[in-house]
Amino acid sequence: MAELSFVISICVMTVFWGVVGGVLPIFIPKGPNRGVIVTMLILTAVCCYLFWLIAILAQLNPLFGPVLSTDTIWYLYYHWD
Amino acid sequence: MFRSEEMCLVQLFFQTESAHTCINELGLLGLVQFRDLNPGAAAFQRRFVKEVRKCEEMERILRFLEAEITRSNIPVSAAVDSVGVSCPRELLELECKIRKLEEELKEINGNHDVLKRNFIELLEIRSLLKVSTDFFEEAESQLSCSELPSEESVSAAASSRTLGRRNSSISTNGPQKLAFIAGVIKQDRFPAFEKVLWRLFHENFILRHAEIQDTEQQTEDRRMKKDAFVIFVQGDQVQGKIKKICNGFRANLYPCPNNLHAREEMRMNVHTRIEDLRMILRRTEEFKVTVLTKAAATIHQWATKVKKMKAIYYTLNLCNIDITQKLIVAEIWCPVSDLNSVQNALTKGSEQSGSTVSPVLNRIQTQQIPPTFNRTNEFTKGFQTIVDAYGVSNYREINPAPYTIITFPFLFAVMFGDCGHGLILTLLAIWVIKQQEQLSRWKSEFVDVLVGGRFIILLMGLFSIYTGLIYNDCLSKSFSICRSSWRVRHMFQPSGPWSNKTLHAFGHLHLDPEIPGVYSGSPYMFGIDPVWNLASNKLSFLNSYKMKMSVILGVIHMLFGMALSLVNYLHFRNFQNILLRFVPELVFMLSLFGYLLFLILFKWTVRLRSETAPSILLIFINMMLFSYQTDDKFLYSGQKALQMFLVLQALLMVPVMLLIKPLLIYRHRVQLQQQATAGDKAGNQTDEVSMGDIFAYQAIHTIEHCLGCISNTASYLRLWALSLAHAELSEVLWRMLLRGTLGCHPGLGSLLLALVFSCFALLTFAVLIVMEGLSAFLHALRLHWIEFQNKFYQGAGFKFTPLSFTSL
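Chains as they are written, first to last, in the numbering used here: chain A, 1 to 81; chain B, 1 to 808.
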């Protein structure tokens with residue numbers, strides 16, 4: 001079950017940025033600015049997807065955990081199920 | 001916009017009569033750049049230099065007129081853009097009109113000054129008369145009774161005046177009539193005046209003086225205080241000397257009649273004259289105001305007309321006039337796609353001037369390098385400016401600007417990375433965009449820069465909000481949008497080692513991801529887990545994450561740059577370079593830094609035990625040094641063989657880059673030489689560049705690329721460094737300022753909180769947004785200019801500067 005949320009998030013984000021970078025450029029109307037707008041969309045999709053992917057991959061298999069103060073541990077014990 | 005536009009060199013022929021209208025139409029179009037056909041001629045040797053001087057003279061007069069208008073506080077009507085151009089005839093009329101106006105104004109000003117001076121003199125005489133009345137009374141009394149006056153015996157005549165009295169002796173040579181000299185002198189010069197008189201005449205004179213308290217005079221003369229004085233002396237020689245002294249001290253002397261009756265008459269006279277002069281002065285000023293108001297209505301129009309004419313004459317100076325004086329030849333650079341509009345503009349121009357012959361366009365081939373023209377709109381102009389600031393791209397080279405539109409704000413945001421600050425930046429940018437017209441009227445350089453970069457700031461703010469969400473950092477606090485992946489409960493017994501006793505014994509405890517349940521198995525869905533914000537070892541995790549992220553982003557950015565260089569080589573049909581430069585560079589980069597990327601991703605995606613996980617940095621260093629120990633931990637099987645292969649391959653690329661191309665050029669030249677001697681050609685042309693230079697250039701390029709790969713990759717670590725600095729600064733601000741104050745007692749604490757919050761807001765804006773923003777801006781710019789662009793950019797072109805009246 002825990003793996004499911006990882007798969008879901010990967011799918012959702014990939015599809016979202018894929019639409020932004022791959023599908024939206026088809027619908028940009030022809031005009032003098034079409035090239036620039038398509039470039040902007042593709043680059044935005046690539047940059048943002050890459051950035052998010054790096055963040056999620058870095059936390060996939062953690063080698064060490066956080067060091068918390070005992071007060072924080074008490075708080076989290078009761079408030080985070 | 002991806003490449004600079006294709007330009008063509010066009011020769012224009014048009015008639016001299018239609019020259020003005022044609023150039024006017026071209027200027028309104030703003031798409032042609034005139035080439036200088038008389039490069040050897042100095043400025044004063046050109047043909048239309050007289051007309052240009054005339055225009056400059058007119059501009060000077062117009063500036064003088066405008067100064068006069070603003071001095072008299074007359075509102076100037078705003079400029080109305082006129083599309084038409086004035087022919088030379090109209091210009092002459094305008095010149096006459098302007099000169100006449102100038103002379104009129106000069107005359108009015110001169111008259112005004114003279115009248116003013118007379119007026120002041122009359123006022124002085126009036127005051128002098130008033131003040132000297134009692135002097136004469138006193139003098140007459142002294143003549144009648146030749147006693148030495150003492151200070152106490154003569155009482156102050158007028159109550160409101162301050163009279164200075166001086167004891168002076170009179171030579172008792174009998175009741176001789178005393179001559180006197182009356183005048184007005186500035187008050188601060190008076191003591192010196194008195195001293196000089198004393199030194200010269202040693203009490204042989206009587207001096208009376210009084211301050212003029214005429215308020216009208218004072219406001220006229222800007223509060224200059226003046227004294228009226230009367231000197232009584234004997235003898236003519238003495239009078240002459242005193243007159244010279246008075247001239248030296250610049251005192252104004254006035255003839256003052258002796259007896260009361262004549263003084264009264266004079267006073268009446270002066271009074272009427274003052275009233276007359278007052279009226280004349282008022283009339284003069286009214287006249288001046290009418291003249292200036294009439295001029296103010298049209299002065300802006302004139303100024304624009306004159307500027308246009310000057311630009312047209314300057315352009316005509318660049319053209320050639322042929323022998324028959326009827327034809328003007330001009331050479332222009334213009335974009336190929338705009339040839340039609342240029343032709344239309346010329347036809348319109350020649351029709352306007354009523355000439356029968358339409359101008360001729362003749363496109364000519366040339367070997368010269370055309371200027372670089374990138375068509376931009378309001379949005380892309382800012383980004384093109386920052387690319388051009390480093391160097392204008394070569395003709396038809398790839399223009400990095402469209403990619404910079406996104407990658408520059410993105411790299412800025414990676415370094416800035418805070419939702420709250422990003423939101424403030426976005427709001428600031430939206431405000432500047434809305435107020436753009438009003439702000440552009442401020443005419444300050446700083447505001448101009450801000451307005452020019454408004455879209456850049458907008459994009460920087462938007463991307464900063466996104467990266468702030470991923471870093472989970474909003475004014476140093478984290479959001480918890482989804483559930484955190486770390487659970488504390490499973491660390492307690494029965495699944496984990498902790499118990500209540502452990503909690504009491506220690507202050508900090510370490511969560512262990514090996515224990516099942518502590519780490520939920522799937523990472524936080526959007527960004528960095530919020531638990532890290534609560535952890536005291538936050539930095540060890542974030543540092544490792546951000547450093548690897550910087551290297552990944554850097555290598556990908558540089559590979560993008562290299563791909564653009566491939567596109568350049570393909571466009572210029574430079575296949576030799578593709579094989580000899582692009583391929584070795586790519587192989588070098590990929591085998592070393594692409595492998596580093598692979599290692600990072602591999603270590604992230606594969607489950608490892610923390611005791612056996614090797615450090616990537618150590619792997620990389622050992623790989624380069626070929627040092628493998630027997631007890632090294634490997635990430636995967638076959639790692640040693642693969643690494644040795646990759647390093648050898650990278651090292652092999654170095655001689656490929658270094659030697660092959662010069663050898664090819666050498667062989668080519670030898671072949672040419674052999675052909676030349678075989679075909680008995682006389683005089684082989686000298687080599688343009690010697691072989692030694694070619695080798696040196698190639699060596700420099702190879703070393704630059706290889707060392708540059710390493711240093712540029714390391715340079716991208718500034719993405720990590722600046723984002724760390726920003727996060728730490730905002731955390732310091734929170735911890736030092738707000739955290740303590742929010743826990744204060746209510747009541748007085750609320751006042752303290754208001755104070756501290758204002759401090760917090762000011763520091764956030766000044767330090768975190770302005771200073772850190774500028775710093776991140778600069779570093780992102782440097783990453784673009786150096787690390788990205790030196791993979792493909794030449795940047796040695798010159799910019800297309802068309803004749804455009806909108807920019808005047």
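Just so you know, these hints were derived from the structure itself, not from any lab. Any given hint could turn out to be false.
[Claimed, not checked] Computed spacing ranges between beta-carbons, pair by pair:
hint, chain 1, residue 1, chain 2, residue 2, range
1, B, Arg-375, A, Trp-80, 51 to 61 angstroms
2, A, Leu-50, B, Ile-515, 28 to 38 angstroms
3, B, Arg-607, A, Val-19, 24 to 34 angstroms
4, B, Leu-648, A, Ile-10, 28 to 38 angstroms
5, A, Val-12, B, Gly-507, 34 to 44 angstroms
6, B, Phe-492, A, Val-19, 37 to 47 angstroms
All residues carry an ideal CB built from backbone N, CA and C; glycine is no exception.
- Of the hints given before, which are not true for this structure? none
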